[in-house]
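Chain by chain, the residues run as shown.
There are 4 protein chains.
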Amino acid sequence: MVIADIAVMPLRPFGCEEEMYKVVDACINEIEISGLKYEIGANSTTVQGGLDEVFDLAKKIHLIPFELGCERVITIFRIDQKQGGITIDEKLKNHR
Amino acid sequence: MVIADIAVMPLRPFGCEEEMYKVVDACINEIEISGLKYEIGANSTTVQGGLDEVFDLAKKIHLIPFELGCERVITIFRIDQKQGGITIDEKLKNHR
Amino acid sequence: MVIADIAVMPLRPFGCEEEMYKVVDACINEIEISGLKYEIGANSTTVQGGLDEVFDLAKKIHLIPFELGCERVITIFRIDQKQGGITIDEKLKNHR
Amino acid sequence: MVIADIAVMPLRPFGCEEEMYKVVDACINEIEISGLKYEIGANSTTVQGGLDEVFDLAKKIHLIPFELGCERVITIFRIDQKQGGITIDEKLKNHR
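Chains as they are written, first to last, in UniProt numbering: chain U, 1 to 96; chain B, 1 to 96; chain R, 1 to 96; chain D, 1 to 96.
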């Protein structure tokens, strides 16, 4: 089990916020469909799952903006893995 | 008003998780003291404030691990700014 | 002396690549003016300097896109600091 | 063709720089073996390849530190993709 956070940034050619948020909402919807545990943050979405699962999911949602007319996408994907596994709840146990 | 997320990663010479989490807790404590609105995520903490405020805070907490015996620190600081300002609540309005 | 890399991403409302690259070029120009040692990478620019210097520079170039008509900017700023200081040349000594 | 940069950060339990750099060198060696075009930066390595290729490579090198005794690894993987493809040389044409 690893913790990963994913931020998909549609760069062009969106002129207004609505187009941009439509893309972000489609990405978050795909994360929900994945069945993985996830938490939505203001700048990225954090998911918890097997290493292969989170890599597959990150690749999938990185491609969503192109299906919605975007021409340039930067995705940032950060993976935190611990020998023996780690969960979001364990990592945040001192803060919730 | 900007939204920024900060992840401070103490690299050396911590041998155990407890030392590492002690540093992270001290960083989060400093964020709380700042009085800025914040949300703790599994891989980073998101803060909301003026541009100068969030830069000053990021610099301050980047230095905390050194005070606690850490010898190498990588900090990642991501700033999202919108003409006219943006808030965490506005950005997440479709998801909460 | 710390090593930092900065990536300024102009999100809206640029419709074409030229507008986007004009912003990135203006950012890199400002880095050159700073007098700090820097290296341009495909996804970010790495600078070497004092902690205050690199924070000041990151803030300055984060604001450049707004002066050029951009309405939404995400900047990613990563700082690597070592007790006693570190340089780009030292960090890459095995690879150049 | 996409441009991706990868930074693998071994967090624990390395007490000295040498252990840390040994891991980083092993990661860069694996990138070289991949046959993809790459450029080594001070804070990350940039690779150019197909989307599947760079994802597979990122996953592979994220796991290398564990083989070398590391217990906690954070990897940051940033993908820049453009409709129609993009290369490092094209992206940096104004700067080299």
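Treat the hints as calculated values from the structure; they're not laboratory data.
Nothing here was measured: the structure is a model prediction, and the numbers come from that model.
Possibly wrong hints are sitting among the right ones.
Given that identical chains are not distinguished, each listed pair holds provided it fits within a single copy or across any two copies.
The calculated lysine to aspartate or glutamate pairs, modelled on DMTMM-like cross-linking and capped at a C-alpha distance of 25 Å, are [claimed, not checked]:
| # | residue 1 | residue 2 |
| --- | --- | --- |
| 1 | Lys93 | Asp56 |
| 2 | Lys93 | Glu67 |
| 3 | Lys82 | Glu71 |
| 4 | Lys93 | Glu17 |
| 5 | Lys93 | Glu39 |
| 6 | Lys59 | Glu39 |
| 7 | Lys82 | Glu18 |
| 8 | Lys93 | Glu71 |
| 9 | Lys37 | Glu17 |
Now the hints, each set against the structure:
When the C-alpha separation of Lys93 and Asp56 is checked against a cutoff of 25 Å, the pair qualifies neither within a copy, at 28 Å, nor between copies, at 27 Å. For the homomeric pair Lys93 and Glu67, the shortest alpha-carbon distance between copies (24 Å) is at most 25 Å, but the shortest distance inside one copy (38 Å) is not. Taking the shortest Cα distances, Lys82 and Glu71 sit within 25 Å of each other only across copies (6 Å), while inside one copy they are farther apart (36 Å). In the homo-oligomer, the alpha carbons of Lys93 and Glu17 lie at most 25 Å apart only across protomers (13 Å), although the nearest pairing inside one protomer, at 35 Å, exceeds that limit.
Taking the shortest Cα distances, Lys93 and Glu39 sit within 25 Å of each other both inside one copy (15 Å) and across copies (14 Å). For the homomeric pair Lys59 and Glu39, the shortest alpha-carbon distances inside one copy (18 Å) and between copies (22 Å) are both at most 25 Å. Only between protomers do Lys82 and Glu18 lie at most 25 Å apart by alpha-carbon distance; the minimum there is 14 Å, versus 38 Å within a single protomer. For the homomeric pair Lys93 and Glu71, the shortest alpha-carbon distance between copies (20 Å) is at most 25 Å, but the shortest distance inside one copy (40 Å) is not.
With identical chains, the CA atoms of Lys37 and Glu17 are at most 25 Å apart between copies only, with a shortest distance of 23 Å across copies and 27 Å within one.
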